[in-house]
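Make a model of the complete structure from these sequences and hints.
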Amino acid sequence: MSLPVDAEQALAAFGQCPGWEQRARLLMQWGERLPALREEERCEANRVHGCESQVWLAGELQNGHWQFRVASDARLLRGLLAVLLARVNGLTGAQLAEIDLADWFAQLGLARQLSPSRSNGLNAVLQRMRELAGDAQVP
Amino acid sequence: MSLISPWRADFPGILALDGEGQTYLDSAATAQKPQAMLDALLGYYAGGAANVHRAQHLPGERATRAFESSRDQAARWLNAPDSAQILFTRSATEAFNLLAYGLEHELQAGEQIVISALEHHANLLPWQQLAQRRNLELVVLPLDAAGLIDLEQAAGLIGPRTRVLALSQLSNVLGCWQPLAELLALGKARGALTVVDGAQGVVHGRHDVEALGCDFYVCSSHKLYGPDGVGLLYGRKPALQRLRHWQFGGEMVRVADYQSAEFRAAPLGFEAGTPPIAGVIALGASLDYLAALDAAAVAAHEAALHAQLLAGLRARAGIRLLGAPRVALASFVIEDVHNADLAHLLTEQGIAVRAGHHCAMPLLKSLGLAGAIRVSLGLYNDGADLERFFAALDQALELLR
Chain A
1 MSLPVDAEQA LAAFGQCPGW EQRARLLMQW GERLPALREE ERCEANRVHG CESQVWLAGE
61 LQNGHWQFRV ASDARLLRGL LAVLLARVNG LTGAQLAEID LADWFAQLGL ARQLSPSRSN
121 GLNAVLQRMR ELAGDAQVP
Chain B
1 MSLISPWRAD FPGILALDGE GQTYLDSAAT AQKPQAMLDA LLGYYAGGAA NVHRAQHLPG
61 ERATRAFESS RDQAARWLNA PDSAQILFTR SATEAFNLLA YGLEHELQAG EQIVISALEH
121 HANLLPWQQL AQRRNLELVV LPLDAAGLID LEQAAGLIGP RTRVLALSQL SNVLGCWQPL
181 AELLALGKAR GALTVVDGAQ GVVHGRHDVE ALGCDFYVCS SHKLYGPDGV GLLYGRKPAL
241 QRLRHWQFGG EMVRVADYQS AEFRAAPLGF EAGTPPIAGV IALGASLDYL AALDAAAVAA
301 HEAALHAQLL AGLRARAGIR LLGAPRVALA SFVIEDVHNA DLAHLLTEQG IAVRAGHHCA
361 MPLLKSLGLA GAIRVSLGLY NDGADLERFF AALDQALELL R
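Line order of the protein sequences matches chains A and B. Once you know that position 98 of the first sequence is 98 in full-length UniProt numbering, the rest is easy, because the numbers rise by one and skip nothing. Once you know that position 44 of the second sequence is 44 in full-length UniProt numbering, the rest is easy, because the numbers rise by one and skip nothing.
Because the hints were derived from the structure by calculation, they are not lab data. Idealized CB from N, CA, C, for every residue including glycine. Where hints are given, some of them may not hold.
[Unchecked claim] Only part of the chain A face toward chain B is listed, based on derived beta-carbon distances under 10 Å:
1. E52
2. S72
3. L80
4. R112
If you want it as structure tokens, here you go:
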């Protein structure tokens, strides 16, 4: 399976990152590119709990393919969410269930951001995505 | 000249982290351990483990003696008159739960439990849940601008219906000593049982539970340079007698039958199941180590580090300190900077500080904050640790601004 275009771009950009500073700058740039959530989408129902920052996640199925949109008040987390969406947007529910996201973040040099400690909230977002995709498969 | 801790080399953990490029400034969450403690832990297991208070055989007797000797040391450390007044639990949190269950039978609907706005969840949730079970009122004492419990308001709120007054000695977020003498006097005047959360306080200086005059004092081993898995509960004798047994099994029983049983008094009656034997023995070694240090030198070193920390934070624009920290730690937020972003960039630079709500969500909410960064100090920290922290902070702010 070939990678989505955004994911190819992320790999190219982060793969060349020589250090934490450049990586942080790049994350913030990617975060800025995230399309904003509408005010009414920043609602309690879309709120992802388990993050110390505020995070909202909206997802919809379009012709069998998932499109997620996210917002967060923390800039580096926004960047992490952006590279996550680069990898998962456009996948089917089945693909989403199978994908190894730990490996994806590792390829970007961001493996540590998926630490089992709940502090940055990325795991909570992943779990919510899988819940959304799982619920959609229930007839 | 940079501050040097003469005790740093006694702590293999801080040296190992240093070697890995990690600057550890999170001792209020858990402390690194002295070599003496590691030796005791290994010595107990490698020398032959045995259960305590059960067997007549030699290994069992040896383990029991070592275990009980830690109880004596803990009693001496806190100046408890009798080591039977020290109960071992599995954490400070468990000690609070022990109290909330052990005292439940005394409380009637409509009576009050009084805590303060800065309590750690461990000294909030067990009381909150008890209040819900028994239909009690949980009264929260407000703070003044400096982060101290407001005495004037406390005097009005602690009243004839107050049965339990449970307060922190030293806030894990605000880093200031609370006016416990005055507050405990208010509680005692109303006949309330008084509980002190010493989890942070016990680590800084020596405290005398007799002089404090509280009914119960709770602290944990792992913040006091001991192993995790051990909490301490001191109780005044008449107060201990009012506790009902709450966990059952093991050697806490005196006589057991199929349909009924009789239980031991404190301390053993409140240590159901096999206790954390190795941990308790190793805590004894940590207390031995600490007792041998020059207390005045430790206090002076900690004060100098804390002054350096505050001076560095105050020298930087846009930093807002939480409260007016006096010892051990400082929590802060930075204008227009999300604390999660700052935490991320400090982590990237090998700075181990705590970010978030510090197990005191209601306090952070009352300050209008989602979280804060906390730098906390141990006796093994050097001035160079703080210099690395500030260099990383400046670098992070440059990126974020």
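Hints, verified against the model:
| no. | hint | result |
| --- | --- | --- |
| 1 | E52 | holds (5 Å) |
| 2 | S72 | holds (9 Å) |
| 3 | L80 | holds (9 Å) |
| 4 | R112 | holds (8 Å) |
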